[in-house]
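Residues per chain, in single letters:
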Amino acid sequence: MKSEAESRPVSPSRGRRLGAFVFLSPGLTYLVVLLLVPLVLVLSYTLFQRGRFGGVVYEVTGENFSRLIDPLYLSVLGTSLKIAGLTTLLALLLGYPTAYLIAQLPRKWKTIALVAVVLPFWTNFIIRVYAWIILLNGPGLLNSGLKALGLGPYELLYNQGAIILGLLYSYLPLMVLPLYAAIERLDPQLREASANLGASAFSTFRKVTLPLTVPGVLTGCLFVFVPSFGNFVIPEMLGGGKSVMVGNLIRTEFLSARDWPFGSALTLALVAVLVVLLIAQSWVARRA
Amino acid sequence: MFRTRFTRRLPAAIAVAGLALAAAACGGESTNAGAAPAATADQLNPNADLSKQSVNVTVWDGYTPKELPQKVKDKLKFPLKIAIHDTNETAMTKLTTGGDSGIDVAFVSGQYAQALNEQGLLEPIHPELIPNLSNLYPEATQLSYDKGNKYSVPYTWGTTGICYRSDLVKTPPTSWKDLLQPPAWADKKVTMMTTERWLALPALKALGYSVNTDKDAEIAKAKELLVAAKPHLLGYDDTTFGDKLTSGEAVMVEAWDGWCPTTSEKQNIKFVVPKEGSDLWVDTMVIMKSSKNKEAAHALINYILDPEIHSWAAVNINYKVPNKAAMDKVEIAKGSLLDIKPAELLNGESLIDLGQASVKYTRLATEIRAQS
Chain B
0 MKSEAESRPV SPSRGRRLGA FVFLSPGLTY LVVLLLVPLV LVLSYTLFQR
50 GRFGGVVYEV TGENFSRLID PLYLSVLGTS LKIAGLTTLL ALLLGYPTAY
100 LIAQLPRKWK TIALVAVVLP FWTNFIIRVY AWIILLNGPG LLNSGLKALG
150 LGPYELLYNQ GAIILGLLYS YLPLMVLPLY AAIERLDPQL REASANLGAS
200 AFSTFRKVTL PLTVPGVLTG CLFVFVPSFG NFVIPEMLGG GKSVMVGNLI
250 RTEFLSARDW PFGSALTLAL VAVLVVLLIA QSWVARRA
Chain A
0 MFRTRFTRRL PAAIAVAGLA LAAAACGGES TNAGAAPAAT ADQLNPNADL
50 SKQSVNVTVW DGYTPKELPQ KVKDKLKFPL KIAIHDTNET AMTKLTTGGD
100 SGIDVAFVSG QYAQALNEQG LLEPIHPELI PNLSNLYPEA TQLSYDKGNK
150 YSVPYTWGTT GICYRSDLVK TPPTSWKDLL QPPAWADKKV TMMTTERWLA
200 LPALKALGYS VNTDKDAEIA KAKELLVAAK PHLLGYDDTT FGDKLTSGEA
250 VMVEAWDGWC PTTSEKQNIK FVVPKEGSDL WVDTMVIMKS SKNKEAAHAL
300 INYILDPEIH SWAAVNINYK VPNKAAMDKV EIAKGSLLDI KPAELLNGES
350 LIDLGQASVK YTRLATEIRA QS
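Top line first, the protein sequences correspond to chains B and A. Numbering-wise, the first sequence is residues 0 to 287 according to numbering that gives the first Met the number 0. Numbering-wise, the second sequence is residues 0 to 371 according to numbering that gives the first Met the number 0.
Don't read these hints as lab results, they were simulated from the structure. Because the structure is a prediction, the values reported are computed rather than measured. Note that CB positions come from ideal geometry on N, CA and C, so glycine has one too. Each hint should be verified, as a subset may be incorrect.
Said to hold, decoys possible - Subject to a maximum C-alpha distance of 27 Å in a straight line, what follows is the list of computed DSSO-like cross-link-like pairs (lysine-lysine): (1) A:Lys72 with A:Lys93; (2) A:Lys149 with A:Lys323; (3) A:Lys176 with A:Lys229; (4) B:Lys81 with A:Lys187; (5) A:Lys65 with A:Lys76; (6) A:Lys274 with A:Lys214; (7) B:Lys81 with A:Lys222; (8) B:Lys146 with A:Lys169; (9) B:Lys81 with A:Lys229; (10) A:Lys51 with A:Lys76; (11) A:Lys229 with A:Lys169; (12) A:Lys328 with A:Lys269; (13) A:Lys274 with A:Lys222; (14) A:Lys65 with A:Lys323; (15) B:Lys146 with A:Lys187.
Claimed, not checked - Here are the in silico distance ranges between beta carbons for each label pair: (16) B:Tyr129 with A:Ala47: 48 to 56 Å; (17) A:Glu223 with B:Leu88: 30 to 38 Å; (18) B:Val59 with A:Lys70: 48 to 56 Å; (19) B:Ala147 with A:Ala183: 20 to 28 Å; (20) A:Asn315 with B:Ser74: 39 to 47 Å; (21) A:Asn44 with B:Leu27: 53 to 61 Å; (22) A:Thr89 with B:Asn123: 19 to 27 Å; (23) A:Ala183 with B:Arg184: 58 to 66 Å; (24) A:Ser174 with B:Ser281: 55 to 63 Å.
Unchecked claim - Partial pick of chain B residues on the chain A-facing surface, computed with a CB cut under 10 Å: (25) Thr78; (26) Glu154; (27) Leu254.
Only chain B is shown next, with the shape it has when bound in the complex (with noise of 0.2 Å):
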């Protein structure tokens, strides 16, 4: 079946090439009004000067760019970079035996830990981030705990060790979801084979389960970098506003500063490296 469908030229029928298209249009429709469009609309302002009100008057200039290898706002492309690349090294790390564990699990208690992983989710994202402070803050539960043990009160907040905790905790469970499905996915069988041809069980872990996961890894630390890296709210809530990161200044430059050309620029440059990512990931993903 398989191979004649494959044989056949590409010449499907009128029929199904309106069947196509006709399920196709809603996705195509989607993907362009709400991705290409803006996409190009961004792309545009980053040539023109900045409009009074916002908005852009057009008059085309190559500042927006020139002004990106600016050494301020290259520490704040590197500030970035450290933050969620460290966010994403610990949410592996913690992700990663926790998806195991989970893989583990009869199916019952499985479904019941899917759940709790995603329980999270259920509240929104400010509130939660704002538990963070009540628990962390000078006169918070944990300090006061400490307290009453004689310790502390330790500056837990508004610094960036609290920038890369709240990202942590908010993105943890889009690194467990994919490690989870990749590990589920592995057949049990290929293990087995391992140690019974008497590889330990370390061994089993590093040269058979972790290869076979690396898509899922890929998959889970783009998941967690990506929202990280253009984080404003949690540098904001719990950084004390001490720390710059892209999406602060994105904000800034669209809301206070009204200057949607540079604005436009900065969110370019995020997209750039966001795009290199995703490149970098299909190919090691590829070749995994």
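Position chain A relative to chain B; hints supplied.
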């Protein structure tokens, strides 16, 4: 209540940060404000039949009494429709894109009114149609973005200062330096604002400069002070500084008067305008040039200036109103937010839109906040 205010004042903050600089560029706000292209007034008919008109207003949520449309209907006989904007920016987008926005009366902050007027979008105010203008404090006609209320009528006004916990400070703050160089007992228990113009304000005022300065040397001096202050701050905060004060995380914060939670019980939260001076913000009412209901629009503004209506803002949302007759009706507790006299307020400098120079402030704020 505190939280709802946020949406209202944020716009003012943002507004200031960026608006219409042209005026400054042409050399001085006061000479410019009146000279804008808008100055040709329509002939309005004082005896127009208002019941044939209708008025659309755009305003911040919760900024006018809920029952206003009904009262207007009963008293002035024309329908009033209220639309909401969350920031000055949104209002500007509504009012400046396309020809007729369908809006007759808009509530925007002073600098934005200035910018709209420079674009020729505002109808000059016809004082003869607003007899209640006489209720305003004399000071309310001396606002630097629009001296003489030629195209805008002030609705609320206030300033920026230090909001503090009188039970947690050893000595009450009196100067911006208390914020910039906090004493040891306040170290890491102080916040400053995030938005650029207000982030710069304490340093500019402490150095004796104008809050509207566009001189690089002065901005650089201010930057030094602000960078030195950063390690002693709890954080930069535009929105939750009140919460930080009530929780005791912070003991002193830079705050807009209306946002300082002085009314919260139990705690002793006070507001002070530092001796070096501060700013003056005004939220205004303007009539759009494109309005086809200008007589009714004037009648509405006149009605809002009625002490009965205007005092609502002071009583219910704790904002000072520039209306003497209205403020005289309100019971003002000594030392409360409402207890700042117009003359004192007028010592504050109105923030004006800096045009291209506003980019300098954005950069300043980014430099300071990105500093590690």
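Hint check results:
1. In summary, the hint linking Lys72 of chain A to Lys93 of chain A is supported, as the alpha carbons are separated by about 25 Å, within the 27 Å threshold.
2. Restraint check: the Cα-Cα separation between Lys149 of chain A and Lys323 of chain A comes to about 19 Å, which is no more than 27 Å; the hinted pair holds.
3. A distance of roughly 13 Å separates the Cα atoms of Lys176 of chain A and Lys229 of chain A; the hinted pair therefore holds under the 27 Å criterion.
4. Pair hint Lys81 of chain B plus Lys187 of chain A holds up; C-alpha atoms about 25 Å apart against a cutoff of 27 Å.
5. Of the pairs offered as hints, the one joining Lys65 of chain A and Lys76 of chain A holds, with about 17 Å between alpha carbons and a cut-off of 27 Å not exceeded.
6. Restraint check for Lys274 of chain A and Lys214 of chain A: the C-alpha separation of about 23 Å stays at or below 27 Å, so the hint holds.
7. Among the hinted pairs, Lys81 of chain B with Lys222 of chain A is consistent with the structure: their alpha-carbon atoms are about 26 Å apart, no more than 27 Å.
8. For the given pair, Lys146 of chain B sits about 23 Å from Lys169 of chain A by alpha-carbon distance, which is consistent with the 27 Å threshold.
9. Taking the CA atoms of Lys81 of chain B and Lys229 of chain A, the gap is about 21 Å. The hint holds against a cut of 27 Å.
10. At most 27 Å may separate the alpha-carbon atoms for a hinted pair to count; Lys51 of chain A and Lys76 of chain A meet this at roughly 9 Å.
11. In summary, the hint linking Lys229 of chain A to Lys169 of chain A is supported, as the alpha carbons are separated by about 21 Å, within the 27 Å threshold.
12. Between Lys328 of chain A and Lys269 of chain A, the direct Cα distance comes to roughly 23 Å. Compliance with the 27 Å bound is thereby established for this hinted pair.
13. For the hint linking Lys274 of chain A to Lys222 of chain A, the alpha-carbon distance of about 21 Å falls within 27 Å, and the restraint holds.
14. Taken as a hint, the Lys65 of chain A and Lys323 of chain A pair is honoured in the structure, with Cα atoms around 23 Å apart against an allowance of 27 Å.
15. Restraint check for Lys146 of chain B and Lys187 of chain A: satisfied, since their Cα atoms lie roughly 19 Å apart, inside the 27 Å limit.
16. A beta carbon spacing of about 52 Å between Tyr129 of chain B and Ala47 of chain A agrees with the range 48 to 56 Å that was offered as a hint.
17. For the hinted restraint 30 to 38 Å between Glu223 of chain A and Leu88 of chain B, the CB-CB distance of approximately 37 Å keeps it satisfied.
18. The hinted range of 48 to 56 Å is satisfied by Val59 of chain B and Lys70 of chain A, whose Cβ atoms lie roughly 53 Å apart.
19. For Ala147 of chain B and Ala183 of chain A, the hinted distance range of 20 to 28 Å is satisfied, since their beta carbons lie about 26 Å from each other.
20. Against the hinted window of 39 to 47 Å, the Cβ-Cβ separation of Asn315 of chain A and Ser74 of chain B comes to about 46 Å, which satisfies the hint.
21. Judged by the Cβ atoms, the range 53 to 61 Å given for Asn44 of chain A and Leu27 of chain B holds: they are separated by roughly 56 Å.
22. In this structure, Thr89 of chain A and Asn123 of chain B meet the distance hint of 19 to 27 Å, their C-beta atoms being roughly 23 Å apart.
23. Take Ala183 of chain A and Arg184 of chain B: their Cβ atoms lie about 59 Å apart, and the range 58 to 66 Å holds.
24. Between Ser174 of chain A and Ser281 of chain B the CB atoms are about 59 Å apart, so this pair conforms to the stated range of 55 to 63 Å.
25. The interface hint given for Thr78 of chain B holds, since its Cβ lies 7 Å from the closest Cβ of chain A, which is under the 10 Å cut-off.
26. Of the supplied interface hints, the one on Glu154 of chain B holds, with its beta-carbon coming within about 7 Å of a beta-carbon of chain A, less than 10 Å.
27. Hint status for Leu254 of chain B: holds, given a least beta-carbon distance of 6 Å to chain A, under 10 Å.
In summary, this structure violates none of the numbered hints.
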